[in-house]
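Read off the chains here:
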Amino acid sequence: MSTNMTIYLRYWRQSGPKAKGYFEDRTLSTVNEHMSFLEMLDVLNEELQLEGKEPVEFDYDCREGICGSCNLVINGQAHGPKKGTACCQLHMRNYSDGDHITIEPPRASAFPVIKDLVVDRSAFDRIIEAGGYVSVKTGSAQDANAIPIQKNDADLAFDYAACIGCGACVAACPNASASLFTSAKISHLSHLPQGNVERSNRVLAMVEQMEGEGFGDCSNFGECEAVCPKEISIAAIADMRRDYARAVIQG
Amino acid sequence: MITLDAKIPDGPLEKKWSRHKKEMKLVAPNNRRKYEIIIVGTGLAGGAAAASMAEMGYKVKSFCIQDSARRAHSIAAQGGINAAKNYPNDGDSVWRLFYDTIKGGDYRSREANVYRLAEVSNNIIDQAVAQGVPFAREYSGLLANRSFGGAQVSRTFYARGQTGQQLLLGAYQAMMRQVELGRIEYYTRHEMFEVVLIDGKARGIITRDLVTGEICQHEADAVILATGGYGNVFYLSTNAKNSNVTAAWRAHKKGALFANPSFVQVHPTCIPVSGDYQSKLTLMSESLRNDGRVWVPRKKGDDRHPNDIPEDERLYYLEEKYPSFGNLVPRDVASRNAKLVCDRGLGIGGTGLAVYLDFRDAIAHDGKDVISAKYGNLFDMYANIAGEDPYTRPMRIFPAVHYTMGGLWVDYNLMTNIPGLFAAGEANFSDHGANRLGASALMQGLSDGYFVLPSTIGNYLADLKPDTRYGTDHEAFDIAAKKAQETIDRLLNINGKRTIIDFHRTLGRIVWDKIGISRTKEGLKEAIADIRSLRDEFWTNVYVPGEKNNYNKYLEFAGRVADFFELAELMAMDALNRNESCGCHLREEFQTEEGEAIRNDKDYSYVSAWEFKNRNGVLEEALHKEELNFEFVELKQRSYK
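Note that the protein sequences, when read in sequence, are chains A and B. All letters in the first sequence, in the order written, are residues 1 to 251 by my numbering. All letters in the second sequence, in the order written, are residues 1 to 641 by my numbering.
For the record, the hints were derived by calculation from the structure and aren't laboratory data. Predicted, not measured: the structure shown is a model, and the values here were computed from it. Be aware that one or more of the hints could be misleading.
[As the list claims (entries may be wrong)] Derived lysine to any residue pairs resembling SDA-like cross-links, with alpha carbons at most 20 Å apart:
#, chain 1, residue 1, chain 2, residue 2
1, A, Lys53, B, Pro545
2, B, Lys321, B, Glu594
3, A, Lys83, B, Arg490
4, A, Lys53, B, Trp95
5, B, Lys103, B, Leu628
6, B, Lys253, B, Arg490
[Stated by the list, open to error] What follows is a list of derived Cβ distance ranges for each label pair:
#, chain 1, residue 1, chain 2, residue 2, range
7, B, Asp302, A, Arg93, 45 to 51 Å
8, A, Gly139, B, Asn377, 34 to 40 Å
9, A, Asp97, B, Asp302, 46 to 52 Å
10, A, Ala226, B, Asp199, 26 to 32 Å
11, B, Glu537, A, Gly52, 51 to 57 Å
12, B, Val633, A, Ala226, 52 to 58 Å
13, A, Asn75, B, Thr506, 54 to 60 Å
14, A, Arg13, B, Asn541, 24 to 30 Å
15, A, Asp97, B, Thr506, 27 to 33 Å
16, A, Asp97, B, Asp276, 17 to 23 Å
17, B, Asp199, A, Gly84, 21 to 27 Å
No residue lacks a Cβ here, since even glycine has one placed at the ideal position from N, Cα and C.
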């Protein structure tokens with residue numbers, strides 16, 4: 001069995017959307033290298049409760065890197081130091097005894113804080129609502145093999161469809177832009193014949209919604225791609241811009 | 001008095017669903033907007049149902065506990081989805097998919113339901129492809145298939161290891177289109193507390209807004225629960241942390257019967273527990289057993305490095321016991337034997353609750369490159385979580401709870417015994433019998449949501465006059481809302497010394513040890529006593545932090561753990577009642593000398609449906625039996641020797 005590590009934690013506390021937030025410090029001396037990052041926070045919360053204190057709120061669900069609920073900013077980096085890894089899949093063996101770790105919610109005006117590390121990402125739902133779909137009714141589909149799709153196109157569409165909607169791209173962007181999230185959905189659908197029909201309307205509606213939600217513009221920093229747990233390529237953003245320009249010109 | 005009528009249509013098996021569709025009542029398009037339908041849960045079943053019914057013109061209210069419908073736990077399904085397309089031309093058919101599924105469920109499900117599932121499976125694939133779900137394709141541009149356990153044909157469609165994610169996003173996007181069109185009212189971060197009944201019919205629900213703590217009342221003409229399974233009663237499982245039984249259980253306490261609660265699937269190849277802090281278990285695809293060899297040291301407490309343990313001191317227990325199937329025995333058999341060797345004290349690792357899955361021989365035989373090409377991503381996942389290199393040291397694996405076949409009892413229309421209350425997906429009991437085959441869960445969720453409920457709901461609504469509402473000021477809403485508030489206040493006022501997680505973990509250990517992979521009469525009786533005393537302690541000594549009018553995750557958990565306590569007792573009762581071994585339910589008293597399950601079709605070929613009764617504050621459950629009649633298949637005993 002491994003020995004315990006001591007970790008110096010500093011985490012964000014905010015009692016509600018309008019309350020003033022602050023950092024709280026606490027030393028955890030029972031951290032085990034096999035724990036996941038979120039399990040370390042569970043242990044922190046058990047300690048707090050045994051002292052009659054309120055636990056720290058944070059979002060999580062599947063804890064296997066696919067649901068996109070968790071979105072902690074760890075030492076300034078969305079999802080922490082491990083490339084292509086959501087923070088629920090980050091393990092404490094990536095840290096050493098005596099490390100200092102600061103944990104913040106993603107900071108963006110379009111993601112208001114609900115409590116502590118929990119933020120409201122409903123803006124993402126509204127961007128999808130604006131056009132992130134193929135308008136096909138249940139029961140009206142033709143045979144699945146009626147339209148062959150080149151394997152390369154299908155694979156590329158999949159690469160973009162892998163987005164988990166966690167919002168790390170927004171957290172990492174100096175402009176708090178949602179361009180990678182929005183363009184990933186646009187590229188997923190526009191690389192498939194099924195999605196091609198609504199291509200112009202989709203890009204116009206989704207981009208308009210994205211801007212209306214208060215996300216910033218893309219200035220090609222590339223930070224989004226660097227932190228994306230699914231390593232989605234910023235080539236999607238170029239696709240989105242090209243499609244948008246074409247749609248505007250076509251009117 | 002409850003009478004269980006499954007409402008299975010007459011006639012030949014292959015005509016039942018089409019005949020039923022022909023005979024069901026319809027609601028005219030211009031009347032549909034006058035009906036409101038509440039759908040709780042936004043996974044494959046709930047999301048697909050919400051999208052489809054809104055498209056038809058009904059007014060839908062959709063609820064989920066996550067911050068977005070896209071995060072429902074269907075998203076985590078890896079392997080694939082079955083369909084009887086027969087694209088590979090390997091002899092598949094609707095009949096064969098039906099037969100494999102009913103046999104895989106060890107003959108404890110309804111023929112008519114399972115046949116319908118197989119029948120609509122092909123429509124699901126068409127629908128998903130039309131939505132833009134990027135299934136795997138061949139170089140021809142046509143869809144690819146692979147094989148899966150329990151079948152001799154390749155009928156599984158997949159999207160890398162993320163099939164559930166892609167299918168769910170398809171349903172979610174279809175649903176969001178209807179939100180935009182104003183046909184779905186969409187509530188996230190809401191938890192369902194109560195079903196509201198008026199004149200014996202489901203007429204609405206009570207929810208709690210998890211952000212503000214507000215208790216909300218919602219009225220409708222029908223309520224659909226698509227709230228998933230109850231695997232988290234074990235505390236540790238492959239389920240997401242928010243998966244729970246609360247909505248189904250509260251419906252059960254209002255009179256809905258709960259069927260086959262003891263049928264729980266345990267998956268043999270998961271990454272084992274490493275310590276008390278462990279919060280969930282991660283599944284490793286069972287395809288690994290194609291090349292890995294399962295073993296433990298023959299000597300108790302042998303703590304040498306596994307590579308230093310010589311061949312003759314290793315116990316390859318599956319290969320020894322099942323020479324013809326070896327490491328490829330089905331899920332239930334592999335799980336049970338892992339537990340048996342660990343019970344004998346031969347388990348490995350710090351906890352003694354793990355066995356080795358060793359690729360040494362496969363790497364020596366095929367080369368590292370071949371193994372890496374087959375399992376590279378799984379090996380990486382293992383290395384990331386376990387911190388060990390599976391190329392040079394055997395993996396440590398252990399079984400984990402994965403799926404619950406039991407759930408709310410429903411008839412052929414997916415309606416519970418409460419008129420107007422429906423259950424879909426993992427939340428109902430209907431299609432998997434005593435054991436679910438791989439790649440069948442996604443199929444059932446989407447079949448219920450896209451194709452079954454949108455037809456059957458009209459048959460129910462057609463008998464209700466449109467636009468007849470009682471209003472949420474009806475006393476039934478007030479009473480239910482008050483009850484919800486009382487539960488919350490009670491939990492917050494206990495102010496005890498033990499944390500919620502501590503109770504949940506302790507409960508999980510009882511359920512795992514005594515209502516887990518194998519069960520005995522004595523153990524189940526002990527479990528009931530243990531659960532009761534722990535539950536009593538919970539209600540006097542749990543500490544629930546925080547306030548009720550704010551975001552408070554632990555308050556949510558407290559309510560769920562309270563429900564798990566009651567469910568756990570029912571699971572033990574159900575397992576105790578079933579004096580046979582079938583599917584995932586193994587009673588040690590009912591096995592052959594070699595440890596093979598003995599099913600008892602004469603006395604137990606029924607669905608056990610339990611009715612909640614509360615006598616002077618003491619929980620009681622009454623058993624109702626729905627006899628299963630097999631007209632079209634012959635019942636056979638499974639063997640893997």
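Verification of the supplied hints:
1. For a cut-off of 20 Å, the pair hint linking A:Lys53 to B:Pro545 stands: about 7 Å separates their Cα positions.
2. With a CA separation close to 8 Å, the supplied pair B:Lys321 and B:Glu594 stays within the 20 Å bound.
3. Between A:Lys83 and B:Arg490 the CA atoms are separated by roughly 45 Å; this puts the pair beyond 20 Å, and the hint is violated.
4. Taking the CA atoms of A:Lys53 and B:Trp95, the gap is near 59 Å; set against the 20 Å cutoff, the hint is violated.
5. Of the supplied pair hints, the one linking B:Lys103 and B:Leu628 holds, its CA atoms being roughly 14 Å apart against a limit of 20 Å.
6. This hinted pair checks out: B:Lys253 and B:Arg490 have alpha carbons roughly 18 Å apart, not beyond 20 Å.
7. For the hinted restraint 45 to 51 Å between B:Asp302 and A:Arg93, the CB-CB distance of approximately 26 Å leaves it violated.
8. Taking the beta carbon of each, A:Gly139 and B:Asn377 are about 35 Å apart, inside 34 to 40 Å as hinted.
9. Roughly 31 Å separates the CB atoms of A:Asp97 and B:Asp302, a value that falls outside the hinted 46 to 52 Å.
10. Between A:Ala226 and B:Asp199 the beta carbon distance is about 60 Å. The supplied range of 26 to 32 Å is therefore violated.
11. Under the hint 51 to 57 Å, the C-beta atoms of B:Glu537 and A:Gly52, about 19 Å apart, miss the expected range.
12. Checked against the hint of 52 to 58 Å, the pair B:Val633 and A:Ala226 passes, with Cβ atoms roughly 56 Å apart.
13. About 35 Å separates the C-beta atoms of A:Asn75 and B:Thr506, a value inconsistent with the hinted range of 54 to 60 Å.
14. Against the hinted window of 24 to 30 Å, the Cβ-Cβ separation of A:Arg13 and B:Asn541 comes to about 28 Å, which satisfies the hint.
15. The given range of 27 to 33 Å is respected by A:Asp97 and B:Thr506, whose C-beta atoms sit roughly 31 Å from each other.
16. For A:Asp97 paired with B:Asp276, a C-beta distance near 20 Å keeps the hint of 17 to 23 Å intact.
17. The hinted window of 21 to 27 Å between B:Asp199 and A:Gly84 is violated, with their beta carbons roughly 56 Å apart.
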